[in-house]
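Whenever a hint applies, use it, and build me the whole structure from the sequences.
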Amino acid sequence: MANNLEVGIQFWPWYDLPTLMEHARMAVGRFQYDQVWMCDEFQYEDTLTVLTAMAKSLDVSLGTMVTFPWRNPLELAQRFSTIAKILAPGRHIAAGIGAGGAVQELVIAEKTNPISVVEETVRLLTGLFKSESVPLADFPELARRFRYNEATSARLYFPSKSPVPVVLAAGGIKTTRLAARIADGVILTQIHPRTSTTAMTTGLFDGAFADLEAGKKERLEPSFKTIYNLHLSVSADGNRARQWAKRNTSYGLASYLAMYPKWLEMAGLDMERTAHVREAYLQGLGVEEAAARVTDEMLEQAGFIIAGTPDECLRKIEAVLSYLLRYRFDQLVVGVPLGPDVPEAVGLIASEILPQLLRWLEKGRSQ
0 MANNLEVGIQ FWPWYDLPTL MEHARMAVGR FQYDQVWMCD EFQYEDTLTV
50 LTAMAKSLDV SLGTMVTFPW RNPLELAQRF STIAKILAPG RHIAAGIGAG
100 GAVQELVIAE KTNPISVVEE TVRLLTGLFK SESVPLADFP ELARRFRYNE
150 ATSARLYFPS KSPVPVVLAA GGIKTTRLAA RIADGVILTQ IHPRTSTTAM
200 TTGLFDGAFA DLEAGKKERL EPSFKTIYNL HLSVSADGNR ARQWAKRNTS
250 YGLASYLAMY PKWLEMAGLD MERTAHVREA YLQGLGVEEA AARVTDEMLE
300 QAGFIIAGTP DECLRKIEAV LSYLLRYRFD QLVVGVPLGP DVPEAVGLIA
350 SEILPQLLRW LEKGRSQ
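For what it's worth, numbering that gives the first Met the number 0 labels the leading residue of the sequence shown as 0, then goes sequentially.
Please keep in mind that the hints were generated in silico from the structure rather than gathered at the bench.
Misleading hints may appear alongside valid ones.
Said to hold, decoys possible - Using 27 Å as the maximum straight-line C-alpha spacing, the simulated DSSO-like pairs for lysine-lysine come out as follows:
#1 Lys-315 to Lys-224
#2 Lys-129 to Lys-224
#3 Lys-224 to Lys-160
#4 Lys-55 to Lys-224
#5 Lys-129 to Lys-160
To be verified - Listed next, with one range per pair, are the computed distances between beta-carbon atoms:
#6 Ala-136 to Pro-354: 50 to 58 Å
#7 Arg-314 to Asp-15: 31 to 39 Å
#8 Arg-327 to Ser-161: 20 to 28 Å
#9 Gln-42 to Arg-364: 41 to 49 Å
#10 Arg-314 to Glu-288: 28 to 36 Å
#11 Pro-139 to Asp-310: 49 to 57 Å
#12 Leu-284 to Asp-137: 15 to 23 Å
#13 Glu-271 to Pro-88: 51 to 59 Å
None of the values given here were measured: they were computed from a predicted structure.
Heads up, the beta-carbon is just placed ideally off N, CA and C, and yes, glycines get one too.
Have a look at this one:
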């Protein structure tokens with residue numbers, strides 16, 4: 000773990016813009032977060048517009064955790080670069096990219112973006128953010144998808160003077176190695192069967208870091224940021240927090256059943272019940288129905304969300320500290336859903352969870 004561990008917080012656009020701004024202001028007012036991250040989903044509030052509003056009113060770095068290559072990278076580049084100019088001095092915005100998942104499948108007839116599309120997106124964004132003139136013929140997958148003119152090049156005519164790092168959300172073998180090879184950093188999320196809290200007990204988590212090291216051997220740039228997204232659902236009412244956590248657990252189960260069934264089986268999950276959760280998304284029934292199909296046992300077995308009262312959450316967090324220390328993460332992000340009552344959760348995280356967590360980590364570093 001780096002001596003100065005950064006701490007971030009993540010929000011989901013399941014609330015309207017005024018509410019999201021209220022949540023973010025409350026969070027940075029209660030704890031000195033280094034970065035505020037926003038998920039990106041279709042049908043909810045536009046994440047980059049929300050981040051623009053935050054850039055104008057909050058003294059904090061920002062980022063997407065994550066957006067995806069169904070959005071045109073040329074458009075993403077200009078929007079990130081423009082937002083970067085609004086930020087307070089010394090702050091930056093990170094372009095967090097992922098392959099997509101179950102929530103997008105509600106409206107996109109494609110299970111996930113191919114690794115080739117993800118790679119081209121990272122390379123194109125990186126080149127544009129460096130103020131390079133980028134030949135579009137070098138990006139055939141994106142050219143077909145967005146009808147680029149491959150006879151020309153693209154560039155940002157008004158690039159940001161501050162850097163816009165591109166970080167890749169990873170978990171699978173290919174994306175993990177790709178992140179280490181070409182991105183500015185990697186996001187490892189608890190909502191993934193290979194980097195969940197359950198994966199820490201099965202050896203899968205160690206395998207993810209072995210792939211990171213393998214990818215770094217092909218890396219040209221020395222700097223690289225490692226981010227862990229720890230997902231919480233906390234409330235004074237522990238049962239209510241656990242029920243709320245089933246929403247994001249359903250998203251994770253539905254996303255990864257088709258890709259990594261063996262890893263889900265290693266966690267002890269029943270494949271038939273997991274398929275029943277995924278069907279809720281595929282049939283357009285939405286997150287409420289999908290969450291209702293997640294049992295208490297599935298919530299614990301998946302290990303995607305740490306849920307309960309502050310004391311219950313801390314007991315579970317303590318069990319993962321050795322992994323946070325062993326792999327020397329640069330930033331720890333307190334991730335969605337946070338809790339059934341976000342203002343309550345923001346307060347509990349700031350007053351009861353993060354102070355104890357940081358004390359434990361400091362003690363662990365000194366031993």
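Verification of the supplied hints:
1. Restraint check: the Cα-Cα separation between Lys-315 and Lys-224 comes to about 25 Å, which is no more than 27 Å; the hinted pair holds.
2. Proximity of Lys-129 to Lys-224 is assessed by CA-CA distance (about 18 Å); at most 27 Å being required, the pair is judged to hold.
3. Of the pairs offered as hints, the one joining Lys-224 and Lys-160 holds, with about 20 Å between alpha carbons and a cut-off of 27 Å not exceeded.
4. Taken as a hint, the Lys-55 and Lys-224 pair is honoured in the structure, with Cα atoms around 26 Å apart against an allowance of 27 Å.
5. For the given pair, Lys-129 sits about 9 Å from Lys-160 by alpha-carbon distance, which is consistent with the 27 Å threshold.
6. Restraint check, Ala-136 to Pro-354: a C-beta distance of roughly 53 Å satisfies the suggested window 50 to 58 Å.
7. Checked against the given bound of 31 to 39 Å, the beta carbons of Arg-314 and Asp-15, roughly 35 Å apart, stay inside it.
8. Evaluation of the 20 to 28 Å hint for Arg-327 and Ser-161 yields a pass: the beta carbon distance comes to about 26 Å.
9. Checked against the given bound of 41 to 49 Å, the beta carbons of Gln-42 and Arg-364, roughly 43 Å apart, stay inside it.
10. Distance hint check for Arg-314 and Glu-288: the Cβ-Cβ separation is about 31 Å, which falls inside the suggested range of 28 to 36 Å.
11. Checking the proposed 49 to 57 Å range against Pro-139 and Asp-310 shows it holds: the Cβ atoms sit about 54 Å from each other.
12. At about 41 Å, the beta-carbon gap between Leu-284 and Asp-137 misses the expected band of 15 to 23 Å.
13. One distance hint, 51 to 59 Å for the beta-carbon pair Glu-271 and Pro-88, holds here, with the actual separation near 55 Å.
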